[in-house]
Amino acid sequence: MDQHTVLLVILGMAAVTYGPRLAPAWLLSRRELNPMLARWLSYVPVSVLGALTAQSVLAPTGSVDVSAANLYLWAAVPCFVLAVRTKGFFGVVALGMGIVAGARFFLG
Amino acid sequence: MEQVLEQPAPRGAAVARESLRLALPIVLGYVPVGFAYGVLAVKSGLSPLNTVLMSLVVFAGSAQLIAVGLFAAGAPPLSVVLTAFVVNLRHLLMSAAVAPHLAGWPRRLLPLFCFQLTDETFALHLSRFQRKDTDRAVTIGVNMVAQAAWVAGSVLGVASGSLVGDVRPLGLDFALPAMFIALLCGQLKGRPHLAAGISAAGLALLLPRLGLGQWSVLAATALAATLGMVAETLAARKE
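For the protein sequence lines, the chains are A and B, in the order given. Following our numbering, the residues of the first sequence are numbered contiguously, the last one being 108. Following our numbering, the residues of the second sequence are numbered contiguously, the last one being 239.
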């Protein structure tokens, strides 16, 4: 593919990515939401995060891996405990990275 | 006196410091992934300029990596655009979910804020907004820091070319999963939310097996949010 076509594809990607990012906020931010829609939207964050967390921890390479060889799974357990206990954010990130780095260093 | 005190906000250097502090986990995650993207893009035949341009105008990690894979495989141009659309459609729900928190914003700032709405900035800002931390300058600041990290990672990847550094010894590849865990736990307030989170997790793992890989986060979110809404409605009716 020549670079001119690549450029056009990139601009197309930018347009189709930006539209869904902007349209709902633009259209809904000044409006009194239907109570059912508002209730539904209140479940979007926990659902998005549940989905993203599950995929990144339980399927880090694309397919589900719940074996002992999945380091992310091991690291995730103490991260969950710390996150639930402290409601912290940076501590959890530091703990997780520390465990992953440490495990690779000591266990090869 | 003018009404300048409507939002007692940190200014200047304080805004920058707070934005950097909040965005740090995102930076730690974006730089290595952006780096990987930069390396792969150049290897797939994209020019350095186009590679960096994509990080500037698209700014969507998974879609950019998938696009690079498609370019390498010689996929038709239109299919690359369509795939990006499907992969990024999940932002539709995130944009709708932040909308109520943006009601007090000047409208001209919405296009800027939404341009940098990613999984990570969404998750971070929504948690902030829910605890009434709605400072606009910091919000935009975090987004700018996040995209700067993404672009910087891409540039480094392009510059290193074939010299692929391994980020794994530092555990940087776990920065974003750990951030998702922390933000997820902050959202688990009450049984319906817990149920929605667990359902979304299960669906996100199940749906790719049914051939819905590109749609999995969007579909899992929509289904789980519906479940949470129904559960809450039923619980309210019982009382």
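Please note that a few of the clues may not be correct.
[Stated by the list, open to error] One-sided and incomplete, this derived list gives chain B residues near chain A with beta-carbon spacing under 7 angstroms:
id	residue
1	PRO48
2	ASN50
3	SER62
4	LEU93
5	LEU102
6	PRO106
7	LEU126
8	GLY197
9	GLY211
[To be verified] Heads up, simulated DSS-like pairs for lysine-lysine below, C-alpha to C-alpha not over 25 angstroms straight-line:
id	chain 1	residue 1	chain 2	residue 2
10	B	LYS189	A	LYS87
11	B	LYS132	A	LYS87
12	B	LYS132	B	LYS43
13	B	LYS189	B	LYS238
Bear in mind the hints are in silico, worked out from the structure with no lab data behind them. Note that the coordinates shown come from a computational prediction; the quantities given were computed from them, not determined experimentally. C-beta atoms are modelled at their ideal positions from N, C-alpha and C, and glycine is treated no differently.
Comparing the hints with the structure gives:
1. PRO48: 10 angstroms, violated
2. ASN50: 5 angstroms, holds
3. SER62: With a minimum Cβ separation of about 10 angstroms from chain A (threshold 7 angstroms), the hint on B:SER62 is violated.
4. LEU93: 5 angstroms, holds
5. LEU102: With a minimum Cβ separation of about 4 angstroms from chain A (threshold 7 angstroms), the hint on B:LEU102 holds.
6. PRO106: 11 angstroms, violated
7. LEU126: Hint on B:LEU126: holds, closest Cβ of chain A at ~5 angstroms, below 7 angstroms.
8. GLY197: 4 angstroms, holds
9. GLY211: 13 angstroms, violated
10. B:LYS189 to A:LYS87: The hint holds at about 12 angstroms.
11. B:LYS132 to A:LYS87: 16 angstroms, holds
12. B:LYS132 to B:LYS43: 45 angstroms, violated
13. B:LYS189 to B:LYS238: Roughly 20 angstroms between the alpha carbons, so the hint for B:LYS189 and B:LYS238 holds.
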